[in-house]
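Residue numbers (my numbering), protein chains in the order written: chain R, 9 to 103; chain E, 20 to 509; chain W, 12 to 492.
No lab work stands behind these hints: they were computed from the structure.
Some, not all, of what chain E presents toward chain R, calculated at C-beta under 8 Å:
no.	residue
1	Val119
2	Tyr214
3	Thr258
4	Leu260
5	Ser326
6	Tyr329
7	Met360
8	Leu363
9	Leu379
10	Ala391
11	Arg400
12	Thr401
13	Leu402
14	Arg404
15	Pro436
16	Leu437
None of these values were measured; they are calculated from a predicted model.
Where is the CB? At the ideal position from N, CA and C, for every residue including glycine.
Spelled out, the chains give:
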Amino acid sequence: MPISRHELEHLCRLAHIALDESEMVDMLGQISTVVDHVSRLQSVDTEGIEPTAYAVPIDSVVRDDDTELSWPTEAVLTNAPRRYGDFFEVQSIFE
Amino acid sequence: MIDLTSLTLSGARGLLDRREISSVELTQAHLDRIDRLEPQLNAYIRVTGDIALAQAVRADEAMRRGEAGELAGIPMALKDILSTVGVPTTCGSRILENYVPQYNATVVDRLAASGAVVLGKTNMDEFAMGSSNENSAFGPVHNPWCLERVPGGSSGGSATAVASSEAVYALGTDTGGSIRQPAALTGTVGLKPTYGRVSRYGLVAFASSLDQIGPITRTVADAAAVLGVIAGPDPRDSTALNAPVPDYSAALTGDIRGLRVGIPREYFGDGLDSEVRVVVERAIEVLQSLGARAVPISLPSSEHALSTYYVISPAEAMANLARYDGVRYGLSLPGDDIWSMYALTREAGFGAEVKRRIILGTYVLSAGYYDAYYRKAQQVRTLVRRDFDAAFGEVDVIVGPTTPTPAFPIGAKVDDPLQMYLNDVYTVPINMAGITAVSVPAGLASGLPVGVQIIGRALDEETILRVGDAFERETGHNLLRPPMTAEVSA
Amino acid sequence: MNGPYVPVVGLEVHAQLLTASKMFCGCSSRYSGAPPDTHCCAVCAGMPGALPVVNARAVELGLLTALALHCTVPRASKFDRKNYSYPDLPKGYQISQYDDPIGRGGFLDYRIGDRVIRWGITRVHLEEDTGKTTHTDVDGREVSLVDYNRSGVPLMEIVTDPEMRMPEEAREFVSALRQVLMYLGVNDGDLQAGSMRVDVNISLTGPNGERNPKVEVKNLNSLRALERSLAYEIERQGRLLAGGETVEQETRGWSEKEEKTVPQRTKEYAHDYRYFPEPDLPPLVIRQADLDRLTGTMPEMPMTRSGRFVSQYGLTPFHAQVLTRERPLADYFERAAAADRSVPPRIYANWITGDLMRLLGEEQRAAEEIPIPPENLAELLSLIETGEISGSAGKQVLDEMFTSGQAAHAIVERRQLRQVADSAALDTLTDEVLAANPGMVDQYRKGKTNVIQALVGQAMKSSQGRANPQVVRDLLERKLN
Ligand SMILES: [Mg+2]
Ligand SMILES: [Zn+2]
Chain R
9 MPISRHELEH
19 LCRLAHIALD
29 ESEMVDMLGQ
39 ISTVVDHVSR
49 LQSVDTEGIE
59 PTAYAVPIDS
69 VVRDDDTELS
79 WPTEAVLTNA
89 PRRYGDFFEV
99 QSIFE
Chain E
20 MIDLTSLTLS
30 GARGLLDRRE
40 ISSVELTQAH
50 LDRIDRLEPQ
60 LNAYIRVTGD
70 IALAQAVRAD
80 EAMRRGEAGE
90 LAGIPMALKD
100 ILSTVGVPTT
110 CGSRILENYV
120 PQYNATVVDR
130 LAASGAVVLG
140 KTNMDEFAMG
150 SSNENSAFGP
160 VHNPWCLERV
170 PGGSSGGSAT
180 AVASSEAVYA
190 LGTDTGGSIR
200 QPAALTGTVG
210 LKPTYGRVSR
220 YGLVAFASSL
230 DQIGPITRTV
240 ADAAAVLGVI
250 AGPDPRDSTA
260 LNAPVPDYSA
270 ALTGDIRGLR
280 VGIPREYFGD
290 GLDSEVRVVV
300 ERAIEVLQSL
310 GARAVPISLP
320 SSEHALSTYY
330 VISPAEAMAN
340 LARYDGVRYG
350 LSLPGDDIWS
360 MYALTREAGF
370 GAEVKRRIIL
380 GTYVLSAGYY
390 DAYYRKAQQV
400 RTLVRRDFDA
410 AFGEVDVIVG
420 PTTPTPAFPI
430 GAKVDDPLQM
440 YLNDVYTVPI
450 NMAGITAVSV
460 PAGLASGLPV
470 GVQIIGRALD
480 EETILRVGDA
490 FERETGHNLL
500 RPPMTAEVSA
Chain W
12 MNGPYVPVVG
22 LEVHAQLLTA
32 SKMFCGCSSR
42 YSGAPPDTHC
52 CAVCAGMPGA
62 LPVVNARAVE
72 LGLLTALALH
82 CTVPRASKFD
92 RKNYSYPDLP
102 KGYQISQYDD
112 PIGRGGFLDY
122 RIGDRVIRWG
132 ITRVHLEEDT
142 GKTTHTDVDG
152 REVSLVDYNR
162 SGVPLMEIVT
172 DPEMRMPEEA
182 REFVSALRQV
192 LMYLGVNDGD
202 LQAGSMRVDV
212 NISLTGPNGE
222 RNPKVEVKNL
232 NSLRALERSL
242 AYEIERQGRL
252 LAGGETVEQE
262 TRGWSEKEEK
272 TVPQRTKEYA
282 HDYRYFPEPD
292 LPPLVIRQAD
302 LDRLTGTMPE
312 MPMTRSGRFV
322 SQYGLTPFHA
332 QVLTRERPLA
342 DYFERAAAAD
352 RSVPPRIYAN
362 WITGDLMRLL
372 GEEQRAAEEI
382 PIPPENLAEL
392 LSLIETGEIS
402 GSAGKQVLDE
412 MFTSGQAAHA
422 IVERRQLRQV
432 ADSAALDTLT
442 DEVLAANPGM
452 VDQYRKGKTN
462 VIQALVGQAM
472 KSSQGRANPQ
482 VVRDLLERKL
492 N
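Assemble the whole structure, with the sequences as input and the hints as a guide.
Right, dumping it as structure tokens:
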């Protein structure tokens, strides 16, 4: 089942990935091939089969409501590409 | 004079404990070797020589005081996806090229507590997505057995460093085969522990329900020793199992008499290279000669495991990689507004394979497709698990090939994702089921290493290590070294 | 009503849970007023490789709420990833709950006057709060600044059924829900500060039952804003529909300044949350024993309690409602009333809702900060009831108890406020009062007997409130007649 150009553009928007024209063409072909392959799953009879979302059968792993020291502010911000004082700075959200 | 870089972990342990060598000497020898070999191999993204020597000095002091841990003073390498405080952790990606973590992964802390010496951070497929190590922003890794070939991936740097004696051992991560497949292709031992056996805290996530950290070594005994140090519960990882850690080294008795070895029909089908088949069949004969009993079994759903993998892992990856947006760390390219900043940053920061998987993951989860792909894949995942449950009702371990072919030439599959993905066809089912497997060198095919995969029940690393160790002692395949290694050390 | 259109209203309430630490890490969740990025760690700042671990207390508080709202609590629940991008969301997804929330299908009963209304609760789920983004100007550049202190604070989302409701009913629902959450101790109820946040969905149903597109209104940080914005939207949408236009499905914000809703600038240009189970968190199995234990700790809910105050203590419905508005006040009343049962409960209610609440108001103190132990109030009221001190002296004593924290009898002794019932002293006092007010004496004798009240007042005044008013009255009457 090939993916349409329009569909791919929508996926790129959702994933925040900008592709140039040649990448777009390559991606269309490659994604379609892989989707085609994984579509074989549709032929497997899974009637009444519970989905497995977790690799190990454990549950209810929780911690007590105890506080721990937070990081020094400098450690939080040290990798920030842009900062303003102790805030992370980003370009305006609005156009 | 012994070649210090030829030592195994247990060999080095003995010499260090008897003060015949020092950790500083051992570490320096490995750093020298890295200097000589790296131009050809590119196994490391970053070598941390100063840190390693400082750790070696401390380890020597600790050993003098008699306070040293099991791994004290022995130089090793970390896949560059494990968070190291103060040392850049790139995940093989342009987007994290300058990211310096402010905390250590739990495994890194455990190694440090044991006195390990970290030589550096190894090369890898970007965000662990790949089976050839060609998807690294820092250039491909070359297989020490044949420099024109890939070492496998995504832990290709770790496997290569160990195979070429640029490190005594290394840690890798395995999401669909990323420890076992490169181990097989480089003639090393690669162990994927049971999901939850080793804490994932500080392992930069690719596919969270599948990722697991494990050792790459030159002997099974070494893998057992390393696992013993890194395994165990961790309050920072909710999926880490709360189970006691056995003495894995004590499990290596060499005795596998009466052991039932399952031979899965599906692992010997059309896709298997004929030379690899011969090597693996010979390995099974060796196990029988040691007293094990071969039992034909079937894992009928394994043919769908790969499809399942290429739905579930990209979906999880899509979410895990959403945080690389240029706001808090990593690459950040300004745009007209924040949305164009996101898109430009991610376009420039991610390589082609990572983008493919993010798009694929977005697709299989997007509105209207969830049931057809994601939910379906989870149901088939259940079937894959049931196959193993049923098989382990009859056998103690399952044995087959680790990969369908030996190492292939660099560039051969880069433009054909599907062909590339087929490399993991025998390893992926194990991750799907959350169980454990080890790849052990089984000999050569046309001069290239072949691995045999020993698969075990959840939390039964002891048995697969025992089988691997017995096999290794009997055959000595693990002693074969890449030809270039001999040249260099001569 | 609104012409042929009936408003259908659904509410989404986000409430921060009163835990010590955050939802998935050990950072303190008390971030209010802290400098930016001082309550952060690898987990809540979304550092690569960090993993979440569920706060057990947050789960308990969520379950407590689900139970209080009569929800069905499932045997197993789980967390999911809600995928969307925004700079205040450090992981690029929010850990939330999608198809297995901790509570489903409940309701809340609340009262408007004599009417009891039941509003259905669709679901209660747990999630993590985001950081905070501020839009501002830095050196002439329009930028957004992000602070992650709030990121990862435990949040509970309560979603109501969409029902035909008027603005007042929505306001009173939120008021009642707020009261319940505060009673449970799960949330501080601060709409202004945003620890409780309300979003509204509103659509109009037409004369033939047709549903029109719904509008979401956000940023409602007071009950008044909630009511006004709903009224505004009902009017606006009604006008559009009546004029043959259509209502656009959109998100709007409430502008306090302009007293109207305005279209919100869009947050994101593509929506599709791509929920899937959070692989980093094993599912939660909810055991009946845990639910039983929580039910055992659940306080009486305000409406029930108010009804009991009427039936058990004989209070007026008004007093009962005032006293139960806040749990600490209701607790205070009951502890005081229990301390001395010889004083009738309505007397406690009078004093607490009257003078004590006045004092609290003057000092801007909350009900949990009443500086008078309930036993001390009981002692004071008993002194008044037994006639040892007068009511007016009692007021003075209460004032002083409030500021000094001293016990009633100590203040009464020191200030010699005990009532004078000794007739010789009162005899002199009344004589003096009659002598000083010949005009009133005259009026009384001409038949205007109610001036006796003023004369009693004079006597009380000159005795500094210590005279027993009944004895004074008797004496005056005897002397005048
Ligand atoms: Mg929400
Ligand atoms: Zn934190």
